[in-house]
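Colleague: Given the coordinates of chain A, assemble chain B onto it according to the supplied hints.
So the sequences go chain by chain: A and B.
Each residue of the first sequence is one higher than the one before, starting from 4 at the first, in the numbering used here.
Each residue of the second sequence is one higher than the one before, starting from -14 at the first, in the numbering used here.
The hints are all genuine.
Label-pair restraints from in silico Cβ distances: (1) A:G78 / B:A193: 50 to 60 Å; (2) A:T94 / B:Q328: 51 to 61 Å; (3) B:A340 / A:S56: 42 to 52 Å; (4) A:S8 / B:E283: 45 to 55 Å; (5) A:S24 / B:E451: 27 to 37 Å; (6) A:H99 / B:R90: 24 to 34 Å.
Here are some chain B residues pointing at chain A (derived, C-beta under 8 Å): (7) A135; (8) P139; (9) A228; (10) L247.
Calculated from the structure, these hints are not laboratory results.
Glycine included, each C-beta is placed from N, C-alpha and C at the ideal position.
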Amino acid sequence: MENDSRFRRLPQASDQTVTLSVEGRPVATRAGDSVAAALLAAGIITTRTTPVSGAPRSPFCLMGVCFDCLMEIDGVPNRQACMTPVRDGMTVALQHGAAAVSEETK
Amino acid sequence: MTDGMARVETCDLAVIGTGPAGMAAAVAAAELGLSVVAVDEQSVPGGQIYRNVLASPVAARLGPDYGHGAALAAAFDAAEGISRRYGTTVWTLSADGEIGLRGERGDIVLLRAKAVILATGALERPMPFPGWTLPGVMTAGSAQILLKSAAVVPADGVVLTGSGPLLYLVAAQLLDIGVRPGAIVETTPGANYRAAARHWRGAAHGAATLLKGLKLIARLRVARVPMVSGATGLSAEAGADGAVARLKYHCGGRERSVACSLLLVHQGVVPNVQISRSLDLPHDWDAAQRCWRPRLGEWGDTALPGIFVAGDGGGIGGALAAEEQGRLAALAAACRLGRIDEQERNRRADAPRRALAHHLAVRPFLDALYRPGDDAVVPADEVVVCRCEEVTAGEIRRCVVDGCVGPNQVKSFIRSGMGPCQGRMCGLTVSEIIAAARGMPVADVGYYRLRQPLKPITLGELAQLEEVAQ
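Bound conformation, chain A alone:
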């Protein structure tokens, strides 16, 4: 799932750090990132597995049209990681196959 040689972060003005919990592990990122950008910058390329074959997928379009970055964010499944801004303390989990209907979305 991880390969930290794919992306790197340029030095930039904003260094305000936000910490997410991704699959139970802390991931430090920058305020203003989308969840998808935070994961890619942290070397996490896979965001979900597909409902049909279970194949791994990474974010593809990063503009909200491909739905390949669907993740469970703060307990809510089927959230688009590329459209969701990071918040400190946010919990993020890979979405495996089809999402179950959670209590939060009922």
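Modeller: Showing chain B alone in chain A's frame:
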């Protein structure tokens, strides 16, 4: 779970999307005294082309075209009479201008607008080839979004493949910022150069645009970025970790390959027609651009009174053309709502119309040059076409043999286009495959019938409407 209840609001004009067309439309409409609500899914204005343009940490390194967007966005940001709703998704829109909005915290608003301008822009054309669903295969546009919004860039060795100006632009921007692409594997068919040459007159009018493109390519050559042209038969292969490790392709009669841990793909952009299709507006097949476009009048007016389309969502014309189309649609909306008479509308339209003609002059040349070839849009049997439901081209062809005549039957039979992306990633390919298999024009095969909600919302969010309905 949200315990709130939906709010109902009203406005003269709703503008959906705050890219160049939407920003220009909103500013022009507000200047004419209309109350405007401008909505965007992103947390900042700019759309994709001017993504994060007011705050990008790398703005200074992205060139003057991006800087032009900053001026437009600043004017939009400062304009009075515009309510700007960011982080807001349009999940429904009715023919009479009632718009369902979902805010960042799941709050639902029903916005009743007297006129609507759809400025939803473009998305990257699907580029189905074996392995395009592997982790580590992303669009060239996505790399640009990461750069502009998060200052995250690919590591050295990233490979770019496909066709179109954005491929070179992204490669050159990465190079300028200190990233060394491993290769650019270009797929523009050789015959396109001759076809494009016929449009030299338009190209001469757009000389500045073409010169920019040539400079990009020259910069990549000077930097000795390996470039291959006329590649066919692309396939991406996974490494031991399941992610992309290699791009294979045919070129000059030989099979070649290049190693990569990140592969950026791109073959042009196409109108985002999700909303216009869901309204059942008539659309025409644009054979030059190989995509659908909503049928529009000279003001961006549609078959539904009060609903307009501006910018690339109505046909690809680029950011500068989009801006002018936004202004024209705003004038037409203001005239419709009685703020200005027709004479005033026409007088004010003069400058935007001339600018629009200027910006569009180069399009026939670019459309011919970067028109994808058949093999780029009609993939082989084993290729996954519908990424959501993992339906292959072969399965679609078998449906045609079994008697399916169009995309909606294929959708019912084997679920292509029925996943969360609602056909955004497969719709064009499915129509092209069926047309090729049946030996008939894509225009006669048609497209998916799209239904709302346009984006998924939760039942809890939907339930906020209960009070309103009563």
